[in-house]
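**Q** Here is what each chain is made of, one letter per residue.
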Amino acid sequence: MDESEGRRRFLKSVSVLGAAIPAAAAAQHAGHAPAKPEKFMFLSPAEVAFLDAAVARLIPADELGGGAKEAGVTYFIDQQLFGGYGVMAKMYRQGPHAEGTPQQGYQSPLTPQEVYRAAIAEVNAACAKQYGKSFDKLASAQQDEVLRALDEGKFALEAVPPRFFFNLLLDNTVEGFFSDPIYGGNRDKIGWKLVGFPGVAAVYTQHVEKHGVPYEALPVSIVDILEGKTALDEHGHPKHVLLVRKES
Amino acid sequence: MATKLKPVDAVVVGVGLTGTILAKELAEAGLQVVGLERGRWRDTDPDFAMPHAHDELRYVKRHELMQDLSRETISFRNNTKETALPMRQLGSFRPGEGVGGAAVHWGGLTWRFLPWDFETRSRTLARYGKDHWPTDCTSQDWGITYEELEPHFDRFEYLYGISGKAGNLKGKIIAGGNPFEGSRSREYPNPPLKTAYAGALFDDAAKKLGYHPFPSPSAALSRPYTNEYGATINGCVYCGYCQFFGCEMGAKASPQTAVLPNLMKQKKFELRTLANVVKVNLDSDKKRAVSVSYIDSRGREFEQPAELILLTSYVFNNVRLMLLSGIGKPYDPAANAGVVGRNYAYQTPSSVTLFFEDKVFNQFMAAGGLGMTIDDFNGDNFDHSALGFIGGGFFQAATSGSRPIEVRPVPRGTPRWGGEWKQAVAKYFNRSFPITIQGACQSYRTNYLDLDPTYRDSYGLPLLRMTFDRRENEHKMSTWITNKAAEIAKAIGPSKMNVTPRTEKYTIVPYQSTHNTGGAAMGADASTSAVNKYLQSWDVPNVFVVGASAFPQNGGYNPTGTVGALTFQALQAIKTRYLKRPGPLA
Numbered sequence: 002m003d004e005s006e007g008r009r010r011f012l013k014s015v016s017v018l019g020a021a022i023p024a025a026a027a028a029q030h031a032g033h034a035p036a037k038p039e040k041f042m043f044l045s046p047a048e049v050a051f052l053d054a055a056v057a058r059l060i061p062a063d064e065l066g067g068g069a070k071e072a073g074v075t076y077f078i079d080q081q082l083f084g085g086y087g088v089m090a091k092m093y094r095q096g097p098h099a100e101g102t103p104q105q106g107y108q109s110p111l112t113p114q115e116v117y118r119a120a121i122a123e124v125n126a127a128c129a130k131q132y133g134k135s136f137d138k139l140a141s142a143q144q145d146e147v148l149r150a151l152d153e154g155k156f157a158l159e160a161v162p163p164r165f166f167f168n169l170l171l172d173n174t175v176e177g178f179f180s181d182p183i184y185g186g187n188r189d190k191i192g193w194k195l196v197g198f199p200g201v202a203a204v205y206t207q208h209v210e211k212h213g214v215p216y217e218a219l220p221v222s223i224v225d226i227l228e229g230k231t232a233l234d235e236h237g238h239p240k241h242v243l244l245v246r247k248e249s
Numbered sequence: 030m031a032t033k034l035k036p037v038d039a040v041v042v043g044v045g046l047t048g049t050i051l052a053k054e055l056a057e058a059g060l061q062v063v064g065l066e067r068g069r070w071r072d073t074d075p076d077f078a079m080p081h082a083h084d085e086l087r088y089v090k091r092h093e094l095m096q097d098l099s100r101e102t103i104s105f106r107n108n109t110k111e112t113a114l115p116m117r118q119l120g121s122f123r124p125g126e127g128v129g130g131a132a133v134h135w136g137g138l139t140w141r142f143l144p145w146d147f148e149t150r151s152r153t154l155a156r157y158g159k160d161h162w163p164t165d166c167t168s169q170d171w172g173i174t175y176e177e178l179e180p181h182f183d184r185f186e187y188l189y190g191i192s193g194k195a196g197n198l199k200g201k202i203i204a205g206g207n208p209f210e211g212s213r214s215r216e217y218p219n220p221p222l223k224t225a226y227a228g229a230l231f232d233d234a235a236k237k238l239g240y241h242p243f244p245s246p247s248a249a250l251s252r253p254y255t256n257e258y259g260a261t262i263n264g265c266v267y268c269g270y271c272q273f274f275g276c277e278m279g280a281k282a283s284p285q286t287a288v289l290p291n292l293m294k295q296k297k298f299e300l301r302t303l304a305n306v307v308k309v310n311l312d313s314d315k316k317r318a319v320s321v322s323y324i325d326s327r328g329r330e331f332e333q334p335a336e337l338i339l340l341t342s343y344v345f346n347n348v349r350l351m352l353l354s355g356i357g358k359p360y361d362p363a364a365n366a367g368v369v370g371r372n373y374a375y376q377t378p379s380s381v382t383l384f385f386e387d388k389v390f391n392q393f394m395a396a397g398g399l400g401m402t403i404d405d406f407n408g409d410n411f412d413h414s415a416l417g418f419i420g421g422g423f424f425q426a427a428t429s430g431s432r433p434i435e436v437r438p439v440p441r442g443t444p445r446w447g448g449e450w451k452q453a454v455a456k457y458f459n460r461s462f463p464i465t466i467q468g469a470c471q472s473y474r475t476n477y478l479d480l481d482p483t484y485r486d487s488y489g490l491p492l493l494r495m496t497f498d499r500r501e502n503e504h505k506m507s508t509w510i511t512n513k514a515a516e517i518a519k520a521i522g523p524s525k526m527n528v529t530p531r532t533e534k535y536t537i538v539p540y541q542s543t544h545n546t547g548g549a550a551m552g553a554d555a556s557t558s559a560v561n562k563y564l565q566s567w568d569v570p571n572v573f574v575v576g577a578s579a580f581p582q583n584g585g586y587n588p589t590g591t592v593g594a595l596t597f598q599a600l601q602a603i604k605t606r607y608l609k610r611p612g613p614l615a
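If you're matching them up, the sequences are chains A and B in order.
Following the numbering used here, the numbering of the first sequence begins with 2 at its first residue and continues without gaps.
Following the numbering used here, the numbering of the second sequence begins with 30 at its first residue and continues without gaps.
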C-alpha cells in the first residue's frame with residue numbers, strides 16, 4: 002500500500018524535535034503497510050467488498066487523512082470474527098433465546114460471525130432488488146442512505162434487528178480504527194494520529210502538570226516495541242519522540 | 030462423587046480484595062486457611078507486563094481481566110412483570126475473575142462513606158420527617174456507625190497506601206481536604222497525586238463558587254510506599270492505563286501489590302486456583318456450615334470441611350452461594366419478607382463533558398482516581414428539604430485515562446458516524462474533559478436478587494437473577510446534582526457542554542460502574558438484614574459474608590474504601606471474639 006494521505010499530511014505538518022529523526026523513530030514511522038493484500042480468514046470476497054464500502058462511509062477518508070478503509074478495518078473485523086470474539090468465546094450462549102427489551106442487551110442466538118454473514122447477504126440482496134446493484138457498487142450517497150436506514154431501524158432485516166447489526170458494525174469499525182495495529186487495523190496508526198493519541202504510554206510524570214501544553218509524539222504501538230523499533234526505559238515504557246508542529 | 034478433604038480451620042471463598050486480607054490475618058493468627066479461587070493465578074509479572082499491558086482492545090473491549098460469562102453470568106430484568114434474560118456480554122458492570130478479583134482492574138478511588146451514609150434512614154427521618162422518605166424505599170441504617178468503623182478505614186488506607194489529603198483530622202477542619210468527611214485519626218499515608226489541567230480548572234471554578242475542592246483519594250500511589258505487611262507499592266507514572274488494566278509498575282494498590290507478597294509466604298495458607306465453589310454444606314438443622322463443595326479444572330468435585338467459612342467473592346457470587354446453600358431466608362418482594370437478595374442497589378452515575386476550542390488537556394496522561402473533587406452535594410451535606418429526594422454524589426474533574434476506542438466525546442448533536450463525526454472526534458479528543466458524578470442509589474422493595482428459574486451455569490446450577498431499576502428519587506437527584514455540576518462547568522468556560530443526568534430506565538448495556546451492592550445487607554435487625562454488624566450470617570454463625578454485598582444501599586461514592594473497612598471490622602470480631610468463643614456475635 003502506498004503512503005496514505007493522512008500520513009503525508011501528518012509528516013508535512015510536524016517535524017521532529019531536534020535536528021534529525023533518530024533511526025529508531027524513522028523505522029517506527031515507516032508503518033506496517035502490508036507488502037501484499039491481506040489473507041482473509043473468515044470473510045468472503047463479497048463480504049470484504051461490502052465492508053470496505055461500509056466502513057469507508059462510517060469513517061470516511063477526508064482532508065484530515067485516511068478513514069476506516071485505509072486503516073485496514075475490514076481486515077481487523079475479519080481477524081476478530083475468526084477469533085474468540087467472533088464465536089462469543091467469553092459470552093453466555095445458552096438458550097432459551099428471546100428478543101427481550103433493549104435494556105436486556107445482546108440476546109441474539111447468532112454469534113458476531115453469524116450476524117455479519119447473514120446481515121451482509123440480506124443487505125446486498127435488498128440493494129440488488131432496489132438499485133440493481135450490491136451495496137459496494139452503489140454511489141456514496143446511496144450507501145449512506147442504506148446505512149442510515151439500518152441505524153434508524155428502517156431497513157428490514159430477517160436475521161437480526163437492523164440496528165443490532167448496525168451497532169455491531171459501527172462498534173467494530175471504531176475498534177479497528179483505534180486499536181493497536183497488532184490486530185490488523187489502525188494501519189499506519191491513522192486513528193491515533195487523527196486524534197493525537199500517543200498509543201503505548203511513556204512515563205508522563207514530568208508532563209502531567211504542564212497544563213495546556215500539547216504533547217505531540219510519534220505514536221508507539223505494541224508492534225513497534227515487539228519489533229525493537231522503539232527505545233525503552235527500564236520498565237518497558239517507550240521513550241516517545243516528541244514533535245513540534247510548524248505554524249502554517 | 031466428591032472427594033472429602035482433610036478439615037481445615039478456615040476457608041476463604043474468593044481470593045480478591047477482602048479474601049486476601051482475611052486469609053493473611055487468620056493464617057498469621059495460627060489458623061490453617063485454604064483460599065479457593067475460581068480463576069487463575071495472576072501477578073504483575075508476567076501478567077501485566079509491557080508492552081501488552083497497554084492494549085485497550087484487549088482489556089477494555091475484550092475484558093481480558095474480567096468474568097468469563099460463558100461459564101456463569103446473571104440474568105436481568107427491570108421489574109417482576111418482565112422475564113429475566115441472561116446478560117450475554119459484559120456491559121453496565123465489569124466484575125473480575127482470578128486471583129485479586131476486580132481489585133486488579135479497579136480504578137482506585139478509595140473513599141470513606143459519610144457518617145450520614147451509615148444512618149441513612151434514621152437521620153433522614155429525624156431531619157426531614159416521614160413524608161420525605163421515598164416510596165417503597167428499603168434503605169436502612171447499617172447497624173454500625175462511622176465512628177466504629179474509623180479505625181478500620183484507617184487501617185485499610187494505610188495497608189493500601191492511599192494518596193490523598195485529610196479534610197477533617199480529629200474533628201479539626203483542614204484546608205485543602207474534604208471538609209465534609211467524617212473525622213479521621215490520621216492524615217493519609219501518602220500525599221495526593223499531581224494535579225492535571227482539568228483538575229486545576231475545576232479547582233479554581235469550584236472555589237470561586239464557594240465550594241470546597243480537594244484532590245480525590247487514590248490507590249494509584251503518589252510515591253513508593255512500604256505497608257505494614259512489608260509489601261512495597263511503587264509510585265505511579267501517570268501512564269493512563271489504570272482502570273480496567275493491571276498495573277505494569279505495581280503502582281496501583283491491589284491484592285497483588287499490597288497483600289499477596291505476604292500472604293503467599295504464610296505457611297498456614299494454601300491457595301487453590303481454578304477451584305469453583307458451588308455450595309456451602311450445612312448440618313441437618315441448617316445452623317452450622319460444615320464444608321464447602323468445589324469443582325476443579327478437571328471437573329472433579331471436592332468437599333473441603335472447615336470450622337469457619339468466609340464468603341469473600343464479588344457481590345453476586347456471595348449472594349448466589351447463600352441462596353444455593355440455604356443460608357438465610359430468601360427475600361420475597363411480594364411479602365416483603367426474607368433477607369437474602371434484599372436491598373440490591375447500584376450507582377447513579379452522571380456527567381458533564383466540557384468541550385473547548387483553544388485548550389488541550391492531554392487526558393491520556395492519567396491515573397486511576399486522578400482528579401479534583403467536591404463533596405458539597407453528597408449524602409446530606411446540603412439541605413434536601415425543598416428538593417424531594419435524598420442522597421447525592423461527589424463531583425470530580427476526572428483524569429483517569431482517555432483511550433480512543435472508549436473515550437472520544439463529541440458535542441451533543443454530532444452524528445454518530447461519517448465525516449462530521451470524524452471531524453468532531455479529531456477536534457475534541459484532546460480538547461475535552463468530564464466532570465463525573467458518582468450518584469448514590471437507594472434500595473427499594475422491588476429491587477432484589479434471587480435464583481433464576483430458567484437459566485443455568487456450566488455446572489447446571491441456577492444463575493443469579495437481578496431485578497432492578499432506578500426510581501424517581503434517583504432520577505430527581507441525578508437531574509438536580511448534574512445541573513449543579515453544570516454550573517461549575519459553565520464557570521470554567523467551555524465552548525460547549527454535554528449535560529447528562531441519569532434519568533432513563535436502567536439498561537444493562539452501556540458501561541456505568543462496577544459498583545453493585547447489597548443482597549446480603551448488614552444491620553441490627555435479623556428480619557431486615559442477612560448479616561449482623563460483624564458481617565456474620567444471622568442464621569449460620571460460622572459463615573461470614575464480606576464485601577459490598579453487605580451495603581444496605583449505595584452511597585454517592587466508589588465502594589472499595591468502605592469494603593476495606595468492613596473487612597477489618599469482620600476481622601477484628603473474628604480474631605478478638607469469635608475464635609475465643611465461636612457462636613453468634615450479635
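Since the hints were derived computationally from the structure, they do not count as laboratory data.
Be aware that one or more of the hints could be misleading.
Some chain B residues flagged as far from chain A (calculated, every beta-carbon gap over 10 Å) [to be verified]:
{"no.": "1", "residue": "A58"}
{"no.": "2", "residue": "D97"}
{"no.": "3", "residue": "V389"}
Short, incomplete list of chain B residues facing chain A, as computed with Cβ under 7 Å [as the list claims (entries may be wrong)]:
{"no.": "4", "residue": "L98"}
{"no.": "5", "residue": "T102"}
{"no.": "6", "residue": "R117"}
{"no.": "7", "residue": "Y226"}
{"no.": "8", "residue": "A229"}
{"no.": "9", "residue": "G269"}
{"no.": "10", "residue": "N391"}
{"no.": "11", "residue": "P444"}
{"no.": "12", "residue": "A602"}
{"no.": "13", "residue": "R606"}
{"no.": "14", "residue": "Y607"}
{"no.": "15", "residue": "L608"}
All C-beta atoms in this analysis are idealised placements derived from N, C-alpha and C, irrespective of residue type, glycine included.
**Q** Could you check if G269/B really has its C-beta closer than 7 Å to a C-beta on chain A?
**A** It holds, given that the least Cβ distance between G269/B and chain A is near 6 Å, below 7 Å.
**Q** Quick one, is the T102/B hint okay against chain A at 7 Å, beta carbons?
**A** 4 Å, holds
**Q** Since V389/B was said not to touch the interface, does its Cβ keep a gap of more than 10 Å from each Cβ of chain A?
**A** Per Cβ check, V389/B is inside 10 Å of chain A; nearest 5 Å; violated.
**Q** Can Y607/B be said to touch chain A, with a Cβ gap under 7 Å?
**A** With Cβ-Cβ at 38 Å, over 7 Å, it is violated.
**Q** Would the hint on A229/B stand, with a C-beta cut-off of 7 Å toward chain A?
**A** Hint holds; A229/B Cβ to chain A Cβ min 6 Å, cut 7 Å.
**Q** Hold the hint about A602/B up to the distance rule: shortest CB distance to chain A must be less than 7 Å.
**A** 38 Å, violated
**Q** Regarding the hint that R117/B lies at the interface with chain A, is the smallest CB-CB distance below 7 Å?
**A** Since the shortest Cβ distance to chain A is 5 Å, the answer is holds.
**Q** D97/B: least C-beta distance to chain A exceeds 10 Å?
**A** 5 Å, violated
**Q** Does L98/B hold up as a contact with chain A if the rule is Cβ-Cβ below 7 Å?
**A** 4 Å, holds
**Q** Confirm or reject the statement that A58/B sits farther than 10 Å, beta carbon to beta carbon, from all of chain A.
**A** 37 Å, holds
**Q** Using Cβ atoms only, decide whether L608/B comes closer than 7 Å to chain A, and label the hint accordingly.
**A** 41 Å, violated
**Q** Given a cut of 7 Å on the nearest C-beta pair, is the interface hint for R606/B held or broken against chain A?
**A** Cβ of R606/B sits 42 Å from chain A, so the hint is violated.
Checked against the numbered hints given earlier, the structure breaks hints 2, 3, 11, 12, 13, 14, 15 and satisfies all the rest.
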